[in-house]
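Colleague: Sequence:
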Amino acid sequence: MSEKYVQTLERSLDVLEVLAHAEEPLGVTEIGSRVSLHKSTVHRILQTLCHRGYVERKSDSERYQLGIKIIELGIRFFNDLEIRKVAAPALSDLVKVLDEVVHLVLPDDGEIVYIDRAESSQVVSMHSKVGRRAPMHCTAVGKAILSTLPEEEVRHILELKGMTRYTPNTITDPEILLTGLEEIRFSKISVEREENEIGIICLGTPIFDYSGRAIGAISVSGPASRIDEKGIEWIGEELKKSGELISAKLGFGFYQK
1 MSEKYVQTLE
11 RSLDVLEVLA
21 HAEEPLGVTE
31 IGSRVSLHKS
41 TVHRILQTLC
51 HRGYVERKSD
61 SERYQLGIKI
71 IELGIRFFND
81 LEIRKVAAPA
91 LSDLVKVLDE
101 VVHLVLPDDG
111 EIVYIDRAES
121 SQVVSMHSKV
131 GRRAPMHCTA
141 VGKAILSTLP
151 EEEVRHILEL
161 KGMTRYTPNT
171 ITDPEILLTG
181 LEEIRFSKIS
191 VEREENEIGI
201 ICLGTPIFDY
211 SGRAIGAISV
221 SGPASRIDEK
231 GIEWIGEELK
241 KSGELISAKL
251 GFGFYQK
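Mapping the sequence shown onto UniProt numbering, position 168 (from 1) lands on 168, and the numbers just tick up by one.
Among the hints, a few may not be true.
Restraint ranges, calculated between C-beta atoms of paired labels, are given here [claimed, not checked]:
1. Ser40 - Thr179: 49 to 55 Å
2. Leu73 - Lys230: 34 to 40 Å
3. Glu24 - Arg52: 19 to 25 Å
4. Glu62 - Glu182: 31 to 37 Å
5. Arg44 - Lys230: 32 to 38 Å
6. Thr167 - Lys58: 44 to 50 Å
7. Glu159 - Gly231: 41 to 47 Å
8. Gly231 - Ala20: 36 to 42 Å
These are computed hints drawn from the structure, not numbers from a lab. C-beta: ideal position from N, C-alpha, C; glycine also.
Based on the sequences and whatever the hints tell you, model everything.
Modeller: Listed below in structure tokens is the structure:
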């Protein structure tokens with residue numbers, strides 16, 4: 001390992017990341033196998049993390065999960081994100097107009113991370129939750145961001161992350177996706193028809209900062225029948241107007257006089 005990294009801290013972070021991605025609390029042996037560490041090492045790391053509140057042990061077992069301190073840090077991080085603060089009013093207004101779920105995401109390591117969600121008055125069951133990661137190739141927000149990148153960078157992301165098929169509608173051919181991205185690059189609106197979840201249509205548009213770089217995206221999602229009934233074109237234009245407003249507040253030149 002390079003001298004610029006602290007091995008014990010690296011191992012502790014590996015343990016935290018394993019717990020963060022686990023669907024349920026894990027035992028020491030399970031954690032050790034996933035991070036390739038001996039049980040005794042994992043146990044010492046867990047004891048320290050528990051002492052600091054970053055991990056907690058289930059009271060009725062020897063299984064561990066993330067602690068309240070992680071949530072505290074996460075909330076502080078989200079509250080400090082400028083884009084989240086700037087976008088919040090626009091997301092709220094967009095929900096009032098469309099009455100569908102609206103998301104704000106940021107790109108990270110070839111994926112997108114949901115950092116905010118504005119609920120509609122209608123109950124909709126979707127995979128997306130604040131803090132959750134998702135692929136780029138089959139989400140409207142992901143494709144909106146990809147459309148702003150050079151082709152070689154897009155190909156690198158697709159090669160690195162793959163193009164997993166989640167539904168029969170998921171695009172798994174890079175050439176087909178790249179063709180679609182050209183259209184999105186022109187219109188600034190991406191449409192994902194049941195590519196990530198059956199029964200859900202999602203539209204996305206990129207968010208730009210003062211330098212012209214796409215630093216995130218927003219989306220509108222809802223049941224396919226209702227989105228089609230309201231009109232893809234109308235929803236897309238309302239979404240794009242909100243995206244342009246957020247971008248302008250971040251310094252991009254859409255509304256500069």
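Colleague: Take the hints in turn and mark each one as holding or not.
Modeller: Do the hints match the structure? See the list:
1. Look at Ser40 against Thr179: about 54 Å separates their beta carbons, and that is inside 49 to 55 Å.
2. The hinted range of 34 to 40 Å is satisfied by Leu73 and Lys230, whose Cβ atoms lie roughly 39 Å apart.
3. Roughly 22 Å separates the CB atoms of Glu24 and Arg52, a value that falls within the hinted 19 to 25 Å.
4. For the hinted restraint 31 to 37 Å between Glu62 and Glu182, the CB-CB distance of approximately 54 Å leaves it violated.
5. A hinted range of 32 to 38 Å for the beta carbons of Arg44 and Lys230 is inconsistent with their spacing of about 56 Å.
6. In this structure the hint that Thr167 and Lys58 lie 44 to 50 Å apart at CB is violated, the actual value being about 35 Å.
7. In this structure the hint that Glu159 and Gly231 lie 41 to 47 Å apart at CB is violated, the actual value being about 36 Å.
8. The supplied range of 36 to 42 Å is met by Gly231 and Ala20, whose beta-carbon atoms lie about 39 Å from each other.
When each numbered hint is compared with the structure, violations occur for hints 4, 5, 6, 7.
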